[in-house]
Amino acid sequence: MSMENLINKYFRPGRLPHIWCPGCGNGVITGCIVKAIDKLALEKDNVAVISGIGCSSRASGYLDFNTVHSAHGRALPVATGVKLADPSLKVLVVTGDGDATAIGGNHLIHAARRNIDMTVVLFNNSIYGMTGGQYSPLTPQGSKATTAPYATIEPAFDITELAKAAGATFVARATTFHAQILTDLIAKGIQHKGFSLIEAVSGCPISFGRQNKMGGPADMMKWQRDHGVMLAAWNKMTDEQKAGKFPIGVLHEDNSRKEYTEAYDELIARAQGGNK
Amino acid sequence: MSLKIITERCKGCGICAAFCPKQVLALSEIEKIEAVHEENCIKCGQCELRCPDYAIFVEK
Ligand SMILES: Cc1ncc(C[n+]2csc(CCOP(=O)(O)OP(=O)(O)O)c2C)c(N)n1
Ligand code: SF4
Ligand SMILES: [Mg+2]
Numbered sequence: 001m002s003m004e005n006l007i008n009k010y011f012r013p014g015r016l017p018h019i020w021c022p023g024c025g026n027g028v029i030t031g032c033i034v035k036a037i038d039k040l041a042l043e044k045d046n047v048a049v050i051s052g053i054g055c056s057s058r059a060s061g062y063l064d065f066n067t068v069h070s071a072h073g074r075a076l077p078v079a080t081g082v083k084l085a086d087p088s089l090k091v092l093v094v095t096g097d098g099d100a101t102a103i104g105g106n107h108l109i110h111a112a113r114r115n116i117d118m119t120v121v122l123f124n125n126s127i128y129g130m131t132g133g134q135y136s137p138l139t140p141q142g143s144k145a146t147t148a149p150y151a152t153i154e155p156a157f158d159i160t161e162l163a164k165a166a167g168a169t170f171v172a173r174a175t176t177f178h179a180q181i182l183t184d185l186i187a188k189g190i191q192h193k194g195f196s197l198i199e200a201v202s203g204c205p206i207s208f209g210r211q212n213k214m215g216g217p218a219d220m221m222k223w224q225r226d227h228g229v230m231l232a233a234w235n236k237m238t239d240e241q242k243a244g245k246f247p248i249g250v251l252h253e254d255n256s257r258k259e260y261t262e263a264y265d266e267l268i269a270r271a272q273g274g275n276k
Numbered sequence: 001m002s003l004k005i006i007t008e009r010c011k012g013c014g015i016c017a018a019f020c021p022k023q024v025l026a027l028s029e030i031e032k033i034e035a036v037h038e039e040n041c042i043k044c045g046q047c048e049l050r051c052p053d054y055a056i057f058v059e060k
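Protein chains in written order, with my numbering: chain A, 1 to 276; chain B, 1 to 60.
It is possible that part of the hints are untrue.
Unchecked claim - Straight-line distance between alpha carbons at most 25 Å, and here's what the computed DSS-like set of lysine-lysine pairs gives: (1) A:K242 <-> A:K39; (2) A:K213 <-> A:K242; (3) B:K4 <-> A:K39; (4) A:K39 <-> B:K32; (5) A:K44 <-> A:K188; (6) A:K9 <-> B:K22; (7) A:K90 <-> A:K144; (8) B:K60 <-> A:K39; (9) A:K245 <-> A:K164; (10) A:K222 <-> B:K43; (11) A:K245 <-> B:K4; (12) A:K245 <-> A:K213; (13) A:K90 <-> A:K39; (14) B:K60 <-> B:K32; (15) A:K222 <-> B:K22; (16) A:K44 <-> A:K90; (17) A:K222 <-> A:K245; (18) B:K43 <-> A:K9; (19) A:K188 <-> A:K144; (20) B:K4 <-> B:K43; (21) A:K164 <-> A:K222; (22) B:K4 <-> B:K22; (23) A:K144 <-> A:K222; (24) A:K9 <-> A:K90; (25) B:K32 <-> A:K222; (26) A:K164 <-> A:K258; (27) A:K193 <-> A:K164.
As the list claims (entries may be wrong) - Away from chain A, derived, C-beta distances all over 12 Å, residues of chain B: (28) H37; (29) C41; (30) I42.
In short, the hints are calculated from the structure, not lab data.
Where a beta carbon is used, it is the ideal one built from N, C-alpha and C, also for glycine.
With the rest of the complex left out, here is chain A (with noise of 0.2 Å):
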């Protein structure tokens, strides 16, 4: 199907042009989206799009299927709900870099901890884009923030690692710069039986790329293009260098662990067969 079809078939496209700034990311990932699901071929009707507050999370009012616009951090408590009454939704969670891992942090290792089965794309543009440049948990140290005129002197952390370590069973990174890589990585989330994080790093030219001087909208699409590199090469990389850039790619998979909504299942059917 065309771009042009795919927007007037997965999108509310009354409701564009959307409110995101000039050359903000968030478009791109969004289109990857629906890229995505149409890859896999779902039904409308069979996805829920869950999201938290920020910019980035107005994507699920453009979207036109389930959709929850819910509270800032608490969009995967919500989609943990959709999930649980409905198992057989394919549950994506839409959430910024602060919303996931600051205000939302505790939810996120959590949900990554019981393996529930949903695909989260996490905006990542290194800032709170929406209340105007405040340094977030994914920050780089050294940047410029509107809370950290000096820039920043905390390490940020490395948000694929933390899923993984918390137990999220898929978990992959692409740039806005890397679509057709990024839309690849959101269809294998989206199968993966599990909880999936997928980073998607982007731009965002207003709150961060000011004020770190990173140029226009194109400028930092080549920033990621120069920074991002596909795991394999990466993989042969000396540490002299591997600074500064970040792995593109499906960094983790495990299909040996149980899935939540699974584990569930087996204890109704424990406690209603009466089984001691």
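Position chain B with the ligands against the provided structure of chain A, taking the given hints into account.
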């Protein structure tokens, strides 16, 4: 005509123009994208792939 531009959606970010390998695109006076050399378009799809606003499509 291989390019379809939805001007009302374009915010003039310039990403498509920067990634077009054939310099087909440029911003107009009012900062909307225009095909200034459509005859050079090779339909590579870079503009459509990268547009964050779903404002440009390549018709194959
Ligand atoms: C409980 C609560 N606290 C704070 C806010 C203010 N707030 C709105 S969005 C946001 C941060 C958004 O950052 P991120 O999740 O990275 O999303 P982005 O805007 O960058 O896409 C904050 C702190 C809020 N809406 N609700
Ligand atoms: S503030 Fe940043 S993240 Fe928010 S819409 Fe603008 S560019 Fe995008
Ligand atoms: Mg953010």
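Consistency of the hints with the structure:
1. A:K242 <-> A:K39: Given pair A:K242, A:K39 is violated - Cα atoms ~33 Å apart, limit 25 Å.
2. A:K213 <-> A:K242: Holds: A:K213 and A:K242 sit about 22 Å apart, inside 25 Å.
3. B:K4 <-> A:K39: Since the Cα atoms of B:K4 and A:K39 sit roughly 23 Å apart, the hinted pair holds (cutoff 25 Å).
4. A:K39 <-> B:K32: 31 Å, violated
5. A:K44 <-> A:K188: 18 Å, holds
6. A:K9 <-> B:K22: 31 Å, violated
7. A:K90 <-> A:K144: 38 Å, violated
8. B:K60 <-> A:K39: 19 Å, holds
9. A:K245 <-> A:K164: With Cα atoms ~19 Å apart, A:K245 and A:K164 stay inside 25 Å; holds.
10. A:K222 <-> B:K43: With Cα atoms ~21 Å apart, A:K222 and B:K43 stay inside 25 Å; holds.
11. A:K245 <-> B:K4: The given pair, whose Cα atoms are some 36 Å apart, is violated under the 25 Å limit.
12. A:K245 <-> A:K213: 18 Å, holds
13. A:K90 <-> A:K39: 14 Å, holds
14. B:K60 <-> B:K32: 23 Å, holds
15. A:K222 <-> B:K22: 17 Å, holds
16. A:K44 <-> A:K90: 10 Å, holds
17. A:K222 <-> A:K245: 13 Å, holds
18. B:K43 <-> A:K9: Given pair B:K43, A:K9 holds - Cα atoms ~23 Å apart, limit 25 Å.
19. A:K188 <-> A:K144: Distance of about 35 Å is beyond 25 Å: violated.
20. B:K4 <-> B:K43: 12 Å, holds
21. A:K164 <-> A:K222: Distance ~28 Å between A:K164 and A:K222 Cα, so the pair is violated.
22. B:K4 <-> B:K22: 17 Å, holds
23. A:K144 <-> A:K222: 20 Å, holds
24. A:K9 <-> A:K90: This hinted pair holds, its Cα atoms lying about 18 Å apart.
25. B:K32 <-> A:K222: 21 Å, holds
26. A:K164 <-> A:K258: 15 Å, holds
27. A:K193 <-> A:K164: Judged against 25 Å, a Cα distance of about 15 Å means the pair holds.
28. H37: 18 Å, holds
29. C41: Check passes; 16 Å lies beyond 12 Å.
30. I42: It holds; B:I42 is separated from chain A by about 17 Å at its closest Cβ, greater than 12 Å.
Of the numbered hints given earlier, the model fails hints 1, 4, 6, 7, 11, 19 and 21; all others are met.
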